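Novice: First to last, the sequence lines map onto chains A, B and C. Under the working numbering, the first residue of the first sequence is numbered 1, with each subsequent residue one higher. Under the working numbering, the first residue of the second sequence is numbered 1, with each subsequent residue one higher. Under the working numbering, the first residue of the third sequence is numbered 1, with each subsequent residue one higher.
Hints listed in this document are in silico derivations from the structure and should not be mistaken for laboratory results. These numbers come from a predicted model, not from an experiment. Do not take every clue at face value.
[As the list claims (entries may be wrong)] Computed, partial: chain B to chain C, Cβ under 10 Å:
no.: 1; residue: Phe407
no.: 2; residue: Ala408
no.: 3; residue: Arg501
no.: 4; residue: Glu505
no.: 5; residue: Thr506
no.: 6; residue: Leu507
no.: 7; residue: Ala509
[Claimed, not checked] Derived DSSO-like pairs (lysine-lysine); straight-line CA-CA distance at most 30 Å:
no.: 8; chain 1: A; residue 1: Lys406; chain 2: B; residue 2: Lys113
no.: 9; chain 1: A; residue 1: Lys156; chain 2: A; residue 2: Lys285
no.: 10; chain 1: C; residue 1: Lys48; chain 2: A; residue 2: Lys324
no.: 11; chain 1: A; residue 1: Lys324; chain 2: A; residue 2: Lys306
no.: 12; chain 1: A; residue 1: Lys287; chain 2: C; residue 2: Lys98
no.: 13; chain 1: B; residue 1: Lys517; chain 2: A; residue 2: Lys41
no.: 14; chain 1: B; residue 1: Lys511; chain 2: A; residue 2: Lys324
no.: 15; chain 1: C; residue 1: Lys48; chain 2: A; residue 2: Lys306
no.: 16; chain 1: B; residue 1: Lys113; chain 2: A; residue 2: Lys287
no.: 17; chain 1: A; residue 1: Lys287; chain 2: A; residue 2: Lys156
no.: 18; chain 1: A; residue 1: Lys153; chain 2: A; residue 2: Lys176
no.: 19; chain 1: B; residue 1: Lys511; chain 2: A; residue 2: Lys306
no.: 20; chain 1: B; residue 1: Lys332; chain 2: A; residue 2: Lys406
no.: 21; chain 1: B; residue 1: Lys153; chain 2: A; residue 2: Lys287
no.: 22; chain 1: A; residue 1: Lys285; chain 2: B; residue 2: Lys332
no.: 23; chain 1: A; residue 1: Lys285; chain 2: A; residue 2: Lys176
For every residue, glycine included, the Cβ atom is placed at its ideal position computed from N, Cα and C.
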Amino acid sequence: MRYLPLTQTDRQAMLGVIGAKSIDDLFVDVPPEAQLDGPIKGLPNHASEMAVERYFSGLSRQNMAASHHPFFLGAGAYKHHVPASVDHIIQRGEFLTAYTPYQPEIAQGTLQMLFEFQTQVARLLGCDVANASMYDGSTACWEAISMAGRVTKRSKAVLSSGLHPHYVNVAVTMAKYTGDTLDVATPELAAITDSARLLNSIDAETSCVVVQYPDILGRIEDLTAIAAKAHEVGALLIAVVTEPVALGAIRSPGEMGADIVVGEGQSIGVGLQFGGPYVGLFACKEKFVRQMPGRLCGETVDAEGKRGFVLTLSTREQHIRREKATSNICTNSGLCALAFSIHMTLLGERGLRDLASLNHALAVQAADRLARIPGVSFVNDSFFNEFTLRLPSEARPVVRALAEKKILGGVSLGRLYPGVEALENGLVVAVTEVATAEDIEEFAAALQEILV
Amino acid sequence: MSINESGWKPEMVKSDASAPPTFTGNRALMLEESLIFEIGSTETTGVDLAPIPQIASRLGGLERNRTIGLAGLSEPETVRHYTRLSRQNYAIDLGFFPLGSCTMKHNPRLNEKIARLPGFSDVHPLAPTQTVQGALAVIHELAHWLVTLTGMKAVAMSPKAGAHGELCGILAIRAALTARGDARSVILCPESAHGTNPATAAFAGYAVENIPATPEGRVDMAALNARLGAGGSVCDVAAVMITNPNTCGLFEPDMRAISDAVHAAGGFVYCDGANFNAIVGRVRPGDLGVDAMHINVHKTFSTPHGGGGPGAGPVVLSEALAPYAPLPFVDKVDGEYVLVEEETASEHHASTFGRMVAFHGQMGMFTRALSYIMSHGADGLRQVAEDAVLNANYILRSLEDVLEAPFAGSGPCMHEALFSDNGLAEGFSTLDIAKGLIDEGYHPMTVYFPLVVHGAMLVEPTETESKATMDEFIGAMRSVAARAKAGDPSLKTAPHFAPRRRLDETLAARKPVLVWKEPEVAIAAE
Amino acid sequence: MSRYFTQDHEWIEVDGDTATVGITDYAQGQLGDIVFAEVPAVGAALTKGGDAAVVESVKAASDVYAPVTGTVTENNEALESDPALVNTDPEGEGWFFKLHLADAGELDGLMDAAAYQAFVGAL
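Just chain A, same shape as in the assembly:
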């Protein structure tokens, strides 16, 4: 078997050193009735590299890849062009096959990268500090709510109706077990958000307000007033960013007063991958750092006075604090954080700003074109690279009909909010730099044809 170096001769020699007659002697602690008497039933024996690859190639071909078709899906995962050097670098064995940097003298590569990543994320989100990443945006969002509870010693969170419904569902699941109270609502298919509801709901019991920016329908709203109201009563503002490229064009949540900013970092450097692995971003004000979840990398010096980096403030974490840890999180999303950081380094400030401008410009062009289709109306007043259309009929079958025409034309609100009739005609459309003018035209023509 190609992954196993021991030969039969080696095995015999080693058993001799151990003083065992056979391999079975090493499994004496396992009761005989719990041991299988041969290879597991049903699973075929080992296969060649070629045979395995052939099998997967067949399955891969059954899927419509984003790059092969006009593609307009977003709603929490975005298709951007990832430069070739990103995937090349993350496949270097020294990054790919390294472990968590617990021995810092021989892990400075990963540690310095994490320090750079933390700096990039903190600056992008407009916060003082950021951690070394979380699993994804949805789990980062719950961790932020949980952290706000620790900071404020309160347990009521007010969630904007513009927060991604999967993120809401994750919080609802967790809150069932932690005893937190969540104030949630379903969005309306309208240009205005529910900020009035949020302002009314914030009271002296509130630990935090959670607002997505831009929100699930693509709307962009100034968070300053919500931050002010939250701070007035001692609550925190948590902002959630699912499309970080947007922050190349619009103000950061931190600038507008958010105390904790979390996000989904997938759209920078990480492929769509059918939902994972992704990379959760987590940043906050410096004064809350000891309540943060997850790993943190910090600067220090070595015994010769040279600058170096280590994982630090570890006493917050499960491997030391056990049941009193700030979170049970153990791993981060290291390799995806690396991909994010490389892509961000390639972009730089100028590249990110241009990329954001390009996304917005193409989205504006697409919006204007799609809104001209008879029966289709445009929902947003403001948007970055994603907006919502109101179709004259239910959007879900339209999305399926578009797929039949080999166009991946947006995410229906019916998929995201099943059973909510008021939303069933809504279609969320994302337009990034990968969409060509021809793609937009093809999409518009097909949509018009289906709606007739």
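Given chain A's structure and the hints, the job is docking chains B and C onto it.
Specialist: Okay, now just chains B and C, sitting in the frame of chain A:
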């Protein structure tokens, strides 16, 4: 004749021991590298974009009006920056990485190739299911083999990592208890457990209590039985969390009895599957009465550790817990793969505890894990466990005369060998042995874990190491141990040859510097 | 004024009905470099044997227990900026908090300096 006009004469001067300082601070192939913020600029970019069409902005008046401060590099500078950083890392690809409890086995490159096929890497999680049948098939197929290999009833695929899987299992247990109106408040964990176990139990709202261990490193059955019965007629123990094989590298021979006792008391058995590699293909946890177990696919099923994630933590569930599994999951109905989400949960899966993550889990890890399972097959996976256990016992028996092995007398170990720092010279500890191993070209074993052994050293070779590699490691370990016993002062200052000497972790924690700041700003703030 | 010690390595110096609490020199030596100390808020009601403060070294976090029941009257703010005081002067400048004793009788079960030295010597 003509004289050598270029003057080029190869010369071999006898080496002199002193290494002169260099102008750059570099040491030939050991290259120093500054931060991107020190070498890049906000004006530099390594990407070329299409022209930006002129449009009237519709950003709601929130156009960014401040600089972000993101340094950029051109492509050649970027490639060089990260290539230089990469060379300061130890990795499985470079050498032996016997980090106990982490299963640092070889990461096959076929897996990387397969994960990058466009039908898996370039599909959107919310794409219409008719366009992603092949991706759903991968999830369904992997789920099938995980259930088969563990002898369980069902599997939740969406958890993002081992600790997230633990959370999934504990939430399923809590949902099952709630469904029968049973409000239990305590979870029992042995002291040798991974820190994630008690942290997860607390995160899910439980009080955590310790299960005592016997001197042989196993669960103390008498103490467990006493605790299960302690609440009188009403037992308050929701679950026990057991790692098997445990973190001392030993199989719990009483596992079935533990499960039976817990079930008889109305509780559930959670098994931490971190050490599944020792038994894969030979033992099915389902046969031991386990109700839930997460599988670290980055351990047993060879997906890369990536410098600290991403992992994936599918959780296999017993018949009693399967109805409570989280959303979403993949099902096959009339030959077509479907996703069961909130919409159809009420018809297909009414008791679910809900969603614990956006989307469907770590697809990029599922492809790799399935590729690994198919490559090894039934015969290969059984050989994996056997070779992993053989390698660990070989190391245990080759070192027990120079390092104290607290449980070596009780019989063979499973996939990892545990040593303590008893018997070293005054002032020398496990840390010094670890740093000495770095100079010998190894990644150290896991140190100071499990907590039940003083100065623990947990060595897990895995099955993907050759006898020659282990023989060399054994030699190095014997040499370093001898130095530690003799009180060799040069060991206290190791490592000597790594990119950095010992780092000041106290300074890092007392005055945390977590982001880079422009020097003038840093000075002004002081 | 008299100083008492607990088996959990706290010291308590009693002056009338108020007392100062810290951790012993032995304890700081076992913990190693202290990087953070979290002290109780003024007004906090502490119960004998209950969690009162947290002290962190690089690789460990330890709870400091209240040696007696009482109400916190003052905490050592200097530890926030200079946690190393716990290492350099644990039984002086590195004190954690002061409290108002609820029941002086609780002191009876504690050790004096000689008894504590003997206790530590036997560890």
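Novice: Using the nearest Cβ pair, does Ala509 of chain B come within less than 10 Å of chain C?
Specialist: Cβ of Ala509 of chain B sits 4 Å from chain C, so the hint holds.
Novice: Does Lys324 of chain A lie within 30 Å of Lys48 of chain C when you go C-alpha to C-alpha?
Specialist: holds (21 Å)
Novice: Answer holds if the nearest beta-carbon of chain C is closer than 10 Å to that of Glu505 of chain B; otherwise answer violated.
Specialist: Constraint on Glu505 of chain B satisfied, holds at 5 Å.
Novice: For the pair supplied as a hint, Lys153 of chain B and Lys287 of chain A, is the alpha-carbon distance within the 30 Å limit?
Specialist: violated (47 Å)
Novice: Is the straight-line distance between the alpha-carbon of Lys285 of chain A and that of Lys332 of chain B 30 Å or less?
Specialist: With Cα atoms ~47 Å apart, Lys285 of chain A and Lys332 of chain B exceed 30 Å; violated.
Novice: Given the hint that Lys113 of chain B pairs with Lys287 of chain A, does the C-alpha gap stay at or below 30 Å?
Specialist: violated (44 Å)
Novice: Has the given pair, Lys517 of chain B with Lys41 of chain A, been kept, meaning a C-alpha gap of at most 30 Å?
Specialist: violated (59 Å)
Novice: Holds or violated: are the alpha carbons of Lys287 of chain A and Lys156 of chain A at most 30 Å from each other?
Specialist: Answer holds: Lys287 of chain A to Lys156 of chain A is near 21 Å, not above 30 Å.
Novice: Would you check the hint for Lys153 of chain A and Lys176 of chain A, treating anything up to 30 Å between C-alpha atoms as holding?
Specialist: holds (18 Å)
Novice: Between Lys324 of chain A and Lys306 of chain A, does the CA-CA distance stay at or below 30 Å?
Specialist: violated (34 Å)
Novice: Is the hinted pair Lys511 of chain B and Lys306 of chain A satisfied, with a Cα-Cα distance of at most 30 Å?
Specialist: Holds, because 17 Å separates the two Cα atoms, which is no more than 30 Å.
Novice: Mind checking the CB of Arg501 of chain B against every CB in chain C and telling me if the closest is under 10 Å?
Specialist: violated (17 Å)
The structure is inconsistent with the numbered hints 1, 2, 3, 11, 13, 15, 16, 21 and 22, although it conforms to all the rest.
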